[in-house]
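J.: Single-letter residue listing:
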Amino acid sequence: DAGVIQSPRHEVTEMGQEVTLRCKPISGHDYLFWYRQTMMRGLELLIYFNNNVPIDDSGMPEDRFSAKMPNASFSTLKIQPSEPRDSAVYFCASSLGQVGSYIQYFGAGTRLSVL
Amino acid sequence: KQEVTQIPAALSVPEGENLVLNCSFTDSAIYNLQWFRQDPGKGLTSLLLIQSSQREQTSGRLNASLDKSSGRSTLYIAASQPGDSATYLCAVRYNQGGKLIFGQGTELSVKP
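Protein chains in written order, with the numbering used here: chain Z, 1217 to 1331; chain S, 339 to 450.
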């Protein structure tokens, strides 16, 4: 398996623009997670899905952030409108649930810069 | 509040040295604990997972221990190599839901 695939790897945009980050989890995994990593706050969970259903979105910073998982092989994280403080590395991870001991496998991340 | 703390924040050692990285968590009712490695500009790689019922897990030169009662885990790296240089993160899971709470990491540098 190719692992968790994220796109784009780098995104540079201007304040106010819409940003869409994409994630393809490992085939067969039933959990998908979106994280944000910054120097100041470390790695924070934004939202996670189980069987395509959002389970916990308490980490989503505000209404400008939204996430969807239309099927088991694709998820998006959207920021609209983007702000400079959204600049961070965004990671997607997936896991196999109890069968896989909930071990999470991470993608390479998307480095977002909002100017 | 459930928090995970890693000490030290950074560590520099000469090649060949054995070393210990520390992780502590405020709520001892964990489901399991996972150690990750992160190389600069890369994602996280899972190293070891310890279930709450286990005391330790080993993989090659790595050994992770868990003491739930004291809220601590350690990652022991034997005979360190320059290729071990990376940031090591500890993360705790409190239920089967899969949500992980991460520490801030320990940045390890192994000098040749």
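Keep in mind the hints are simulated off the structure, nothing from the lab. Errors might be hidden in some of the hints.
What the hints assert, rightly or not - Below are the DSS-like pairs computed for lysine-lysine, each with C-alpha atoms no more than 25 Å apart in a straight line:
1. S:LYS380 to Z:LYS1294
2. S:LYS449 to S:LYS339
3. S:LYS406 to S:LYS339
4. Z:LYS1240 to Z:LYS1294
5. Z:LYS1240 to Z:LYS1284
6. Z:LYS1240 to S:LYS380
Unchecked claim - The following residues of chain Z were derived to be distant from chain S, with all beta-carbon distances above 10 Å:
7. LYS1294
8. GLN1320
9. VAL1330
Stated by the list, open to error - Cβ pair distances, simulated, as ranges:
10. Z:GLY1275 to S:PRO378: 20 to 30 Å
11. Z:MET1256 to S:ARG410: 33 to 43 Å
12. S:SER390 to Z:ARG1257: 21 to 31 Å
13. S:SER397 to Z:PHE1290: 24 to 34 Å
14. Z:PRO1277 to S:ASP377: 23 to 33 Å
The structure displayed is predicted, hence computed values, not measured ones. Note that the Cβ used here is the ideal one computed from N, Cα and C, for glycine as well.
J.: A separate judgement is required for each hint: does it hold in the structure or not?
T.: To see whether the hints hold, each was checked on the structure:
Distance check on the hinted pair: S:LYS380 and Z:LYS1294 sit about 22 Å apart at the alpha-carbon level, within 25 Å; holds. Of the pairs offered as hints, the one joining S:LYS449 and S:LYS339 is violated, with about 37 Å between alpha carbons and a cut-off of 25 Å exceeded. Taking the CA atoms of S:LYS406 and S:LYS339, the gap is near 17 Å; set against the 25 Å cutoff, the hint holds. A distance of roughly 15 Å separates the Cα atoms of Z:LYS1240 and Z:LYS1294; the hinted pair therefore holds under the 25 Å criterion.
About 12 Å separates the Cα atoms of Z:LYS1240 and Z:LYS1284, which keeps this hinted pair within 25 Å; it holds. The suggested pairing of Z:LYS1240 with S:LYS380 holds, with an alpha-carbon distance near 17 Å, which does not exceed 25 Å. Consistency note on Z:LYS1294: stated as away from chain S, and its beta-carbon is indeed over 10 Å from all of that chain's, at 21 Å minimum. For Z:GLN1320, the requirement that its beta carbon stay farther than 10 Å from each beta carbon of chain S is not met, with the minimum near 6 Å.
Look at Z:VAL1330: its CB is around 19 Å from the nearest CB on chain S, clear of 10 Å, so calling it non-interface holds up. The beta-carbon spacing between Z:GLY1275 and S:PRO378, approximately 25 Å, falls within the hinted interval of 20 to 30 Å. Checked against the hint of 33 to 43 Å, the pair Z:MET1256 and S:ARG410 fails, with Cβ atoms roughly 26 Å apart. At about 27 Å, the CB distance of S:SER390 to Z:ARG1257 agrees with the hint of 21 to 31 Å.
Distance hint check: the CB atoms of S:SER397 and Z:PHE1290 are about 32 Å apart, consistent with the given range 24 to 34 Å. The hinted range of 23 to 33 Å is satisfied by Z:PRO1277 and S:ASP377, whose Cβ atoms lie roughly 27 Å apart.
The earlier numbered hints that this structure contradicts are 2, 8 and 11.
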